[in-house]
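**Q** Fit chains X and H to the supplied structure of chain Z, relying on the hints for placement.
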Amino acid sequence: MTLDMVQMILVTVLTAATPLIIAAIGELVVERAGVLNLGVEGMMICGAAVGFAAAIETGSTLLGALAGAGAGLGLAAVFGLLTVGLAANQVASGLALTILGLGLSGLVGTSYVGLKRDPAPHLDIPGLSDLPGVGRLLFGQDAFVYAGLTLVLGVSWFLWRTRGGLILRAIGDDHTATHALGLPVRKLRFLAVLFGGACAGLAGSYLSLAYTPFWAPAMTAGRGWIALALVVFASWRPARLVAGAILFGGATVLQLHAQAASIGLPGQVLSALPYLATIVALVLLSLGRRQGGSLAPAALGRDFTPHR
Amino acid sequence: MRLDLVPRAGRSPLAAILAPALAFLAAVLLGGVAVALLGVSPTAAFAAYFIAPLSELWSLQEIALKAAPLALIATGLAFCYRANLWNIGAEGQFVVGGLAGGCVALATQGSAGFTLWILPAMLVAGTLAGVAYAMIPAVLKVRLGVSEILTSLMLVYVAQLLLDYMSRGPLRDPAGYNFPQSVAFDAAARLPYLMEGETLHAGVLVAFAAVVLATIVLGRTLFGFEVRVVGASPRAARFAGFSEARLTLAAFAVSGGAAGLAGIAEVAGKIGQLQPTISPGYGFTAIIVAFLGRLSPPGILAAALVIALTTIGGEGAQIDLRLPLDLTRAFQGLLLGLVLGADVLTRFKVRLVPGGAR
Amino acid sequence: MRHSFCACLGAFLLLLGPAQAEGKLKVGFVYVGPVADYGYSFQHDLSRKALAEAMPDKVETTYLENVPEADSERAIEKLARSGMGLIFTTSFGFMEPTLKVAKKFPTVKFEHATGYKRAANVSTYSARFYEGRYVCGKIAAKLSKTGTVGYIASFPIPEVVSGINAFMLGAQSVNPNVKVKIVWVNTWFDPGKEAEAAKALLAQGADILTQHTDSAAPLQEAEKQGKLAFGQSSDQYRFAPKAQLTSIVDDWNGYVVSEAKAVLDGSWKSHATWGGIKDGLVVLAPFTNMPADVKAMAEDTVKAIAAGRTHPFAGPVTKQDGTVAVKDGETAPDPMILGMNWYVKGIDDKLPQ
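Residue numbers (our numbering), protein chains in the order written: chain Z, 1 to 308; chain X, 1001 to 1358; chain H, 2001 to 2353.
Extracted from the complex, chain Z is given alone in its bound form (with noise of 0.2 Å):
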C-alpha cells in the first residue's frame, strides 16, 4: 500500500463523509432549536434535483448549487409552517416532507436524465496540491468540502459563542421558560428550520454536482436518515459530528475498499457493517455517559402551543 493509496482511500472517505456533514449539521442546528425534522431526505434529493436542472440551465455550478439549497429551503418552510406554526406532530410532518420530496425531484428531474455536465472545480494550489501524501487531501477538495467544514466551525463559533446560539440552545432546552422570558421562540425555531432545509438542500446538490455529477432517481440512497442518525450519535456537538461522518461515511466506503482489497467476508455483511456500527455506537455512548438521561435538547419533539 503506497502512500498515493492511502490518500486515495482517505480522499474518498473525506468526500463520502461531505454529504452527511453538511446534511447533519443543519439538522443539528434545528434539533438544538428543539425541533426534530425526518424530512431531510425529502429535502436532500429535492436539492439534488433541483440544483443539477438550475446547473444545467444556467451553466454555473455555483448557482446549482445555490438553487439545491433553496430547494430545501422551500420544503423546510413548509415543514415550519406545520410543526412550528400549526404545532403539527413533528414526526409525522417530517415523514409527509420526504415523501413529498421524494415524489417532487422525480417530476422536476424527469427532463434532466441522461444529462451530464461537468463536475465541480476542485481546488488546485501550485505546489501545495502536489504535496505527497496530503496535497490531494488537504489542498485538493472541490468548494462543498471545504464549505461543509466552515459550516461545522461557523455553527459552532455561533451556538457556544453568540448570544443568538445561546437563546436557541435555551429554547431546545425549555421553550416554556424561554417563551415566558419574552424570546421570539416560534420565530427562531423557524429560522433554524430553514437553516437545516438549506444545509439538506446543498448537500444533496453535491451529490448532483459534485460527487456523481449526474441526476438519477432517488440519488441520496437513504444518506438523509444517516444523516439524522450523525446528530444523535454526535450527541448534539458538532465536532463529534464530523468525527462521526467520517467515521459512517468511512465504514460506506471502506467496505468496498475490502473487497477490492479481497478481504473475503460476504457482501452482505459488510454491507450491513456501517449500521451495526451506528447502533453499536448509540449504545456505548450511553452507557459511557456519567450523568444519567439523554443528553438530547429537553424540548426536541415536543409541540410548543403558545396563547393567551
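Incorrect hints may have been included.
Listed below are the simulated BS3-like cross-link pairs for lysine-lysine, each with C-alpha atoms no more than 30 Å apart in a straight line [stated by the list, open to error]:
(1) H/Lys2103 <-> H/Lys2261
(2) H/Lys2295 <-> Z/Lys116
(3) H/Lys2103 <-> Z/Lys116
Rather than coming from a laboratory, the hints here were simulated on the basis of the structure.
**A** Frame of chain Z; chains X and H shown alone:
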C-alpha cells in the same frame, strides 16, 4: 403578524371526520393543478386515479390486497405512536417475520400426511420473529435510553441484508440455475385464496381481524387505556402507576408482532417463496397510513384503502396517461401534510394577530 | 414539451375510446428500472420504440417503469387486463409473476427476458453478454499498464459470474498474469455507490474499469481520473468521451419486432432465445480511445465470435479450485454457462455464496 393557536373548547366528532375529508379534497385539487401543469387533463387523471380502480372486480381485489398489510402494520404502529414511541423499523420487522415464517415453510417442504399445522406454525413463527426483532430497539430504549427512532431504522437495513444473504445463499433453490430465490412453497404452506381468479387471499381476513381486535383493545382494555394516557400525558400516567418500561416493551411487541404477521402473510399469500425483496416499502408506507388514519384503527383501515387506491390508480395512470409514479408519491406526501394541518385546525382556532412575531 | 405532447396524445386516444385501437396489436413492456437509467431498461425501451416505428399502423405500445419485483405481478396483470396481446417482462425477478399471470391469461403472449422458465404462452429471451465480455477482456489486458482491472459487479447471479469469467478468459488470452479486482455493490443501479466502488478500485491500483451495473457513474469516475473503462448495456460514450473504450450494447430491437410480427401473423410459438453477437443481440459500441492495432484485434475477435471460430468458453477451462470445467477441444455447454457459479482460475477473490 403572528400566528396564534387558541385551543378549542371541545372537539366535535363531526370535525374529526370532516377535517381529513377536506384535506383530501384540497390535496386532489392541488394534484389537479400539478397534473394540468404536466399537460394532462385533470378530469382524465382523476378518473384514472380514483374511478377506474373501483370499476373492476380485479382491481378492487388488488386494492384490498395492498391495503391489508398496510392496515395491519399501521394498526400495530398506532400502539407505539400513541405512546410517543417512534418505531420506524416496521419494514425490518416485516422482513424478519416473512423470513422466519418462510424458513418454517422450507423446513417442512415436501412433507406428506397431516400438514394442516404448517400454515398456522408459519404465521406464529412470523409474528414471534417480528416481536423479537422489535424487542431490540425497545430494550435498548428502556435499559439505556437509546433513541428508538435510530435503532429501529438501522435494523431495517440489517434485516433486508439478512434476507438478501439467506435467499442468495443457504435458502436458494438448488435446481434454480443459481437464481436468488427459494423453491416455491407447497400448497400446504400457502394462504388459501378467497375467490375465483386466484388473486384475493386469506391474508386480507387476518388484517381485518387485527383491525377489529385493535379497536377493542385500544378502546376497552386497561392496556389500551394505558397506551392512550401515556401518550396524552406522561405525568398523569406516572401518577397512575403505569410502568413506562413495561408499556414500552408491550407496545413494541404489539407493533413488531403485527408487522411480522403482515410479512409472513405476504410471503405465504402473494409471493409463495423467499426472495431477496419481499416488500415494496410497506413498513414505511404504513407509517403514513397510521398518521393519515389519526392513529385509530378504523381510520387506519380507511387510510390504507385510500393509499392503496391511489397507488393502484397511479399504475393505471402510468399506462393510460403516461403520468409518472412520482406524482402518486408527491400526492401521498401532500395529503399527509394537509391532513396534519387540518387536524391542528380541529384542535385549535388559528388567529392572525397583529404585533411582533413570537 | 415532448412529455406533455405525449400525455395529450394519450388523453386524446383515451377520449376516442377503444374503437380507434381496434385491430391493432397492443404490446406492453414492464421495466424494473427507470427508462432514464441509460442502461438496461433504456435499451429495452429502445426496442419498444423500434417496434412502434416499424409498424405504426399495426401495433400500439405502452410501458410501466420502476416496477419493483414485489409489485410486478399486479403490474403485469394490469397490462394483460388492459387488452395487451403481447407483454415483454424485462427482468429475471419477474419470472414467477409472469408465469402466474400467463396462466390466468392463456390468449396473451408473454416474453420474459433473462429468465429460464417457459410455458405454452411464455417465451424467454436473453443475450450472450459474455461474448462481449470476452472481447472487452482482451482489450483490457492489452491496454492495462498495471495489469489490474477493476470489475464493478451487481449481484452474484450466473449471468454476472459468466460475464466475469468470460472477461477473465479473454484477458488471460492476451496476458496470462492479468489480475481482476471485483467489488459487489448489490444493486443494478445506484450511481453513488457505483462511483464509490469505482474510486475504491482505482485507488487499489486498477487502471481499467468494467461494470455489470447500469449507470454511467464508473465511466465518469474513470474519466475524472484519466483512466479507461467499458460502458454497460447501452452506448454510454457521451458520458465519458475520453474514457469509454467500448460498451456492450443489448440490442433487443430485432427480436422484439420479429416476435410482434409472429403474433400478428399467427405463427407465434413459445421458444427460448439466447442470441449473441452472431444474432445481433449483442453489439459492441464503436471502439474508441485505443490504438489502431488494439482496435483491429477487437474487431477481429468480434468477427471470429460471430463466425463461431472463437468461443469464450472454449476448453481448456480450469476452475478456481483446480478442477477442469471444460476439456481441451470442447466448449462449455449452454446449461453450464446458464448456471455458472464458480470462478475460473486466476481470479483470487472468493465468489460470494
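**Q** All hints, please: hold or fail.
**A** Results for each hint:
1. H/Lys2103 <-> H/Lys2261: 23 Å, holds
2. H/Lys2295 <-> Z/Lys116: Cα-Cα ~27 Å, so holds.
3. H/Lys2103 <-> Z/Lys116: Violated, because 44 Å separates the two Cα atoms, which is more than 30 Å.
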